[in-house]
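Please build the complete structure, drawing on both the sequences and the hints.
For the record, the sequence lines run as chains A and B. One point on numbering: in the working numbering, the residue at position 70 of the first sequence is 70, and numbering is uninterrupted. One point on numbering: in the working numbering, the residue at position 98 of the second sequence is 98, and numbering is uninterrupted.
Worth flagging that the hints you see were computed from the coordinates, not collected in a lab. Values in this document were obtained by computation on a predicted structure and should not be read as measured data. Incorrect hints may have been included.
Unchecked claim - Here are the computed lysine-lysine pairs in the DSSO-like style, where the Cα-Cα straight-line distance is at most 30 Å: (1) K54(A) - K95(A); (2) K65(B) - K102(B); (3) K107(A) - K54(A); (4) K95(A) - K65(B); (5) K102(B) - K7(B); (6) K102(B) - K54(A); (7) K7(B) - K65(B); (8) K7(B) - K95(A); (9) K102(B) - K95(A).
To be verified - Covered stretches of chain A, as calculated for chain B (at least 3 residues, CB under 8 Å): (10) 36 to 49; (11) 99 to 108.
Unchecked claim - Derived, one-sided and incomplete: chain B residues facing chain A with beta-carbon distance under 10 Å: (12) S27; (13) Q28; (14) M31; (15) Q41; (16) S42; (17) L43; (18) T44; (19) L45; (20) G52; (21) F66; (22) L92; (23) S94; (24) W96; (25) E101; (26) K102.
For glycine and all other residues, C-beta sits at the position ideal for the given N, C-alpha and C.
Here is how the chains run, residue by residue.
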Amino acid sequence: GIQVEQSPPDLILQEGANSTLRCNFSDSVNNLQWFHQNPWGQLINLFYIPSGTKQNGRLSATTVATERYSLLYISSSQTTDSGVYFCAVELIWGKLIFGQGTELSVKP
Amino acid sequence: SAVISQKPSRDICQRGTSLTIQCQVDSQVTMMFWYRQQPGQSLTLIATANQGSEATYESGFVIDKFPISRPNLTFSTLTVSNMSPEDSSIYLCSVWGQGNEKLFFGSGTQLSVL
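So this is what it looks like as structure tokens:
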């Protein structure tokens with residue numbers, strides 16, 4: 001089956017720093033999404049990005065489908081950015097396969 | 001986006017008992033998905049619930065352990081049966097938003113089995 005690998009597994013930042021999270025996937029996909037799970041467990045959909053680049057405030061994402069990877073950029077990080085970031089790809093219509101996540105901790 | 005209400009938000013249960021989790025969506029949807037997140041782990045799909053037909057289970061999950069109901073296009077339940085401590089997890093329901101681009105999740109049910 002398709003493999004979804006995220007790196008790094010853990011990341012500690014000082015408030016205001018920038019970071020890049022990576023997601024590699026082993027097969028062609030029609031759908032790739034980035035999620036943020038806050039410390040209270042709520043999952044928030046950040047981006048739907050099967051290809052190209054999107055930006056939303058301090059966050060942006062780029063997917064290079066031909067090379068099977070996606071990047072999530074966080075600029076000027078804030079303590080509220082802490083949590084786990086997941087990328088997920090669509091295996092069969094409707095079914096997402098999740099990576100293992102990157103746990104981000106932003107220190108004040 | 002979709003608004004998904006899930007309850008209970010958390011529960012502590014004794015081994016051998018069962019818990020039914022409810023998921024209500026603010027719009028009609030064809031498919032609803034149930035995921036499990038074990039402590040410190042990623043999300044794993046349990047099953048897909050379609051209205052009017054039996055749920056489709058992923059490898060490693062069976063109907064006897066995780067029976068699912070889907071009585072209409074806005075509601076589903078997942079039951080965790082004959083629980084053991086290994087069932088301690090967060091259980092989440094999810095649906096696709098309009099345009100089937102983004103998947104949205106309920107707030108989850110934190111289950112602890114003693």
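Evaluation of the provided hints:
Restraint check: the Cα-Cα separation between K54(A) and K95(A) comes to about 23 Å, which is no more than 30 Å; the hinted pair holds. Taken as a hint, the K65(B) and K102(B) pair is honoured in the structure, with Cα atoms around 29 Å apart against an allowance of 30 Å. Using a Cα cut-off of 30 Å, the hinted pair K107(A) and K54(A) holds, with the two alpha carbons roughly 26 Å apart. This hinted pair checks out: K95(A) and K65(B) have alpha carbons roughly 21 Å apart, not beyond 30 Å.
Simply put, K102(B) and K7(B) have alpha-carbon atoms about 22 Å apart, close enough for the 30 Å limit, and the pair holds. A C-alpha spacing of about 14 Å is found between K102(B) and K54(A), which places the hinted pair at or below 30 Å, so the restraint holds. The hinted pair formed by K7(B) and K65(B) meets the criterion: a straight-line CA distance of about 19 Å does not exceed 30 Å. A hinted pair counts as satisfied when its Cα atoms are at most 30 Å apart, and K7(B) with K95(A) qualifies at roughly 23 Å.
Using a Cα cut-off of 30 Å, the hinted pair K102(B) and K95(A) holds, with the two alpha carbons roughly 11 Å apart. Only residues whose C-beta sits within less than 8 Å of a C-beta in chain B count toward coverage, and the stretch 36 to 49 of chain A has 5 of them, enough to reach three; the restraint holds. With 3 residues bearing a CB less than 8 Å from a CB of chain B, the stretch 99 to 108 of chain A meets the requirement of three and the coverage assertion stands. At a threshold of 10 Å, the smallest CB-CB gap from S27(B) to chain A is about 16 Å, leaving the interface hint violated.
The closest approach between the C-beta of Q28(B) and any C-beta of chain A is roughly 16 Å, which is over the 10 Å cut-off, so the hint fails. Taking 10 Å as the C-beta cut-off, the interface hint given for M31(B) holds, the closest approach to chain A being about 5 Å. Below 10 Å, beta-carbon pairs count as interface contacts, and Q41(B) has one with chain A at about 8 Å; its hint therefore holds. The interface hint given for S42(B) holds, since its Cβ lies 5 Å from the closest Cβ of chain A, which is under the 10 Å cut-off.
Interface hint status for L43(B): upheld, as the beta-carbon distance to the closest one in chain A is roughly 5 Å, under 10 Å. Annotation: interface hint on T44(B) holds; nearest CB of chain A at approximately 8 Å, less than 10 Å. Taken as an interface hint, L45(B) checks out: its beta carbon lies about 6 Å from the nearest beta carbon of chain A, inside 10 Å. Residue-level restraint check for G52(B) is violated (minimum Cβ-Cβ distance to chain A is 16 Å; threshold 10 Å).
With 10 Å as the threshold, the beta carbon of F66(B) stays out of range of chain A, its nearest partner Cβ sitting at about 16 Å, so the hint is violated. The criterion of a C-beta within 10 Å of any C-beta in chain A is met by L92(B), whose closest approach is roughly 7 Å, and the hint holds. The beta carbon of S94(B) is positioned within 10 Å of a beta carbon in chain A (closest approach about 8 Å), and the interface hint is therefore held. A cut of 10 Å between beta carbons decides the hint on W96(B): the least distance to chain A is about 7 Å, and the hint holds.
Taking 10 Å as the C-beta contact cut-off toward chain A, the hint placing E101(B) at the interface holds, the least distance being around 4 Å. For K102(B), the suggested interface contact is upheld, since its CB lies about 5 Å from the closest CB of chain A, less than 10 Å.
The structure fails hints 12, 13, 20 and 21 (numbered hints given earlier, in ascending order).
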